[in-house]
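K.L.:
So the protein sequences, as listed, match chains A and B.
Heads up, the first sequence is in the UniProt record's numbering, so the first residue is 1 and it goes up one at a time.
Heads up, the second sequence is in the UniProt record's numbering, so the first residue is 1 and it goes up one at a time.
Treat the hints with care, as some may be off.
What the hints assert, rightly or not - Only some residues are given here: those of chain B computed to face chain A with a beta carbon under 8 Å:
# : residue
1 : G211
2 : Q213
3 : H231
4 : S235
5 : E303
Don't read these hints as lab results, they were simulated from the structure.
All values derive from a computational prediction rather than experimental measurement.
Note that the Cβ used here is the ideal one computed from N, Cα and C, for glycine as well.
The residues making up each chain are set out below.
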Amino acid sequence: MAPSSPEVSRIRNFCIIAHIDHGKSTLADRLLEMTHTLDRTQMDSAQVLDDMDLERERGITIKSHAVQMKYCSVAGDDYTLNLIDTPGHVDFSYEVSRSLAACEGALLVVDATQGVEAQTIANLYLAIEAGLEIIPVINKIDLPSSDVEGVASQIIDLIGIEREEILQVSAKAGLGVPELMEAIIARVPSPADNGHLPLRALIFDSVFDAYRGAVVYLRIVDGVLRKGDKVRFFANNKVFLADEIGTMSMKRQPKQVLEAGDVGYLICSIKDVKDAKVGDTVTHADAPADKRLAGYKDVKPMVFSGLYPVNSNEFEDLRESLEKLSLNDASLVYTPETSVALGFGFRCGFLGLLHMEIIQERLEREYNMNIITTVPNVEYRVLMTNGETVIVDNPSKMPDTARITNVEEPYVSMQIITLADYIGNIMKLGMERRGEYRNTDYLDTKRVCMHFEFPLSEIVFDFHDRLKSISKGYASMDYEYIGYRESELVKLDVLLNGEPVDALSIIVHRSKAYDWGRKLCGKLKGIIPKQMYEVAIQAAIGSRIISRETISAMRKNVLAKCYGGDISRKRKLIEKQKEGKKRMKQVGRVEVPQEAFLAILNIDE
Amino acid sequence: MLSLYVHIPFCRKRCSYCDFYLVAGTLRMEDFFVALRRETASRASLLKGQTIGAIHFGGGTPSMASPSLLGSWLEQVASLASFAPDMEIALEANPEDLKGSAANEFHQAGVNRLSLGVQSFSSEKLSSLGRAHSPREAMAAARDAVRMFDSVSLDLICGVPGEDRGVWQDDLERAKESEAQHVSVYMLSLEPRTLLSRDVSAGRVRVPDEGEQAGFYMQALKELKAAGYGHYEVSNFAMPGCHSRYNLASWKREPYIGYGPSAHSFLRTEEGELRTANEASLSRYLSSPQAAEGFREVLGERERFEEQVFLSLRINSGLSIEFLRKGNTLPNEMMKALETMEERGWIRYENGALYLTDPGFLFADLIAAELIPY
Chain A
1 MAPSSPEVSR IRNFCIIAHI DHGKSTLADR LLEMTHTLDR TQMDSAQVLD DMDLERERGI
61 TIKSHAVQMK YCSVAGDDYT LNLIDTPGHV DFSYEVSRSL AACEGALLVV DATQGVEAQT
121 IANLYLAIEA GLEIIPVINK IDLPSSDVEG VASQIIDLIG IEREEILQVS AKAGLGVPEL
181 MEAIIARVPS PADNGHLPLR ALIFDSVFDA YRGAVVYLRI VDGVLRKGDK VRFFANNKVF
241 LADEIGTMSM KRQPKQVLEA GDVGYLICSI KDVKDAKVGD TVTHADAPAD KRLAGYKDVK
301 PMVFSGLYPV NSNEFEDLRE SLEKLSLNDA SLVYTPETSV ALGFGFRCGF LGLLHMEIIQ
361 ERLEREYNMN IITTVPNVEY RVLMTNGETV IVDNPSKMPD TARITNVEEP YVSMQIITLA
421 DYIGNIMKLG MERRGEYRNT DYLDTKRVCM HFEFPLSEIV FDFHDRLKSI SKGYASMDYE
481 YIGYRESELV KLDVLLNGEP VDALSIIVHR SKAYDWGRKL CGKLKGIIPK QMYEVAIQAA
541 IGSRIISRET ISAMRKNVLA KCYGGDISRK RKLIEKQKEG KKRMKQVGRV EVPQEAFLAI
601 LNIDE
Chain B
1 MLSLYVHIPF CRKRCSYCDF YLVAGTLRME DFFVALRRET ASRASLLKGQ TIGAIHFGGG
61 TPSMASPSLL GSWLEQVASL ASFAPDMEIA LEANPEDLKG SAANEFHQAG VNRLSLGVQS
121 FSSEKLSSLG RAHSPREAMA AARDAVRMFD SVSLDLICGV PGEDRGVWQD DLERAKESEA
181 QHVSVYMLSL EPRTLLSRDV SAGRVRVPDE GEQAGFYMQA LKELKAAGYG HYEVSNFAMP
241 GCHSRYNLAS WKREPYIGYG PSAHSFLRTE EGELRTANEA SLSRYLSSPQ AAEGFREVLG
301 ERERFEEQVF LSLRINSGLS IEFLRKGNTL PNEMMKALET MEERGWIRYE NGALYLTDPG
361 FLFADLIAAE LIPY
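Just chain A, with the same shape it has in the complex (with noise of 0.2 Å):
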């Protein structure tokens, strides 16, 4: 008989909810740890769980993963534990509440030095709602600066639980850990005893592997997987042969069987990721079960922006370098457009700024590609005269002004957890913002949550950093989608020697439009180098002319002295000079650096 999945009432499926830097990873460490999944002297001194370069870099989660371990409790019963890993950002919320989807139980991890934030109430919100049992922790607890009874009273505040019930630790010096694990296997519920009912496997992740496609992560919801039987995707409705499927400690270890309950992986030679969507349900082809589990959604891009090579006979690398990045992301979506400025490129869909920053830095570092991004924007929803509603993702393609109707644009409600001596300042950012102010909740004496609705072209861009500065970092945001609404919307666009540049047109407020125009036109003229004639830097709305720079023509480019028979490093200076004008895109006659079309992102510095 092939090694059976274990007893139902001995699996423990867990994941961890905390905010950036709070411990989550620490803490994870030390489960495995714990459990001998791994030891320390394999753990490389940094987080496990995160394997992405990017991921350690930048201290975040991106892709969820999960690992399993085993533990033989206090009163000596053997148990198996999945933990499940979300992704630590805003950008990826669908994700997040699929993998809690994927659980029984969350241990909500707070820094006793840092209190709540904003983010952790926004998931711990999603895993209330996905019915998860939530166990507080307080980490960070050894730390001198560390207020544990503030920060409980917080969480009571929060979610209403006793004082008793909620946990401390120091996930760094391993304090309270042994207590977690048993308070993990107490009040996390067993997975429902479904092994009777047709498949029903519920998809949190998946990555793509060269030699194997998509490696789908899912959890069992209903009935039983077989090695070898032939499997149906509810979304697209494709039938593949389940030919490896198993459980990942930390590696993949094949098994003949996954039963409901369990928390594993499906090899399928499914090529293309987005074959196998977060969220879909997997059932058997032939015995299928009658309807998908619930909170299936198509995940849309919110921010989109334009990659172009730099080096326009680059475009076919830069196509195939996003065909192989989205085979491992299937939320990265791009289509061929083109501009009369930068040639051939892609209007890329990102998830959120950090989404598209991390896919612009692969292609950099990994692919080796010199791109240029245009300003990302939101999709805009534009009502023409003729009745007709079109969406508008690129600046430059935004109707004529005469033939629109009205314009919409996507609205977020934002909450926004700081302290209440910031109050003002962030009433300030919220209203230069464009921001509706809501009502603000105490959640204790010092701390308050502020809710506000905003246009999310206002805060894709630099929200998050001044909302940091302002608040001296104590202050933490998380907003959800909530619909469009109708605004006065214009297409600023920028000339260069009287040619527009379609690549540096933006969509912005009425209200702001001089100003955005002054400010655009002056840090382009510090940011384009002197060429061989001056340049004009225009901005436009329509055909009149808001704003304008000049940048003087260039009086010399010679270094005189050419002696000593250094002849080499005279040529390389040459050659470091061509290097540099390789780096820019000829505009026109123009020659422009590729940050000029980043300019507007940090127009206030």
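Please arrange chain B on chain A, whose structure you already have, making use of the hints.
P.N.:
Relative to chain A, chain B alone:
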């Protein structure tokens, strides 16, 4: 024909704008010449059977060396190679080193060309550059040198803090008055890690901007050409036949051997065209002059092409379109750039070759960068 260069790395002190390799003081001058003779002996095979057309003593301040030391090294070279009958022996000198009988002694030792680091005849400019001589000394040294040597060159700097067109015009006039056969004009460039660049970035000193510098340069071009000097390199002007032979050879990619720390050599060998340089360290040079090399590069086709482009531009010897096509397919962007440069009046064509115009010299680096392949 082969040229020789000797880098004598000693100066009284570092000038505020200088980033050349040098050592302050002359304590180790004799040791240096011992090492120089050892390096020359260890590289004797390079000289075998060669005829030397020019020898250039550069630095540093080679005029701080004693004429007898120079003389004994020249004898060593004479024993290893033959000298062309009209060989040029040039010495870079500071006016303050030529007092009394010094100039005559250098002449006796064989020096027939003097390159004088006067920099300026204005006392304000000289003090802002941190030079040790006065305007009077500068003029006296120039006049004496012109009487004694076959040919004399003056170095002038423009674009010094506080300088205006009047000050610069005065320098140009005085240079002409001195009857020196050669003038080198530098636009002061701010080299990183110099005192001057530190003062400028700290806001203590303001230097003329690139527009003013360009103006000074055009002024020099006009004045010197009107006085009969030929403009034969970006920064160099000479009466007929009075160009610096070593420098011109290096720009024309003719072979030369450099001796001393940080000195560069260019040789045609069986491996191909070879550029080498000695390490910029006096102490290591003194202890092992026979193993002074710190850099070596055999030029590939691309490097040769690039050198040819920027050096031909600097001496304005004409770049044939045929030649440019060898390195490039003359892509669209380059054609556009060339058109613009012609429109701007920076380049002109003659018999199928590209030349710089007078204002074009101010953009020689940019034009070179445009012409080298991607």
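K.L.:
Would you mind marking each hint as holding or not holding in the structure?
P.N.:
Here's how the hints hold up against the structure:
no.	hint	result
1	G211	holds, 4 Å
2	Q213	holds, 6 Å
3	H231	violated, 13 Å
4	S235	holds, 5 Å
5	E303	holds, 7 Å
Against the hints set out earlier in the document, a violation occurs for number 3 only.
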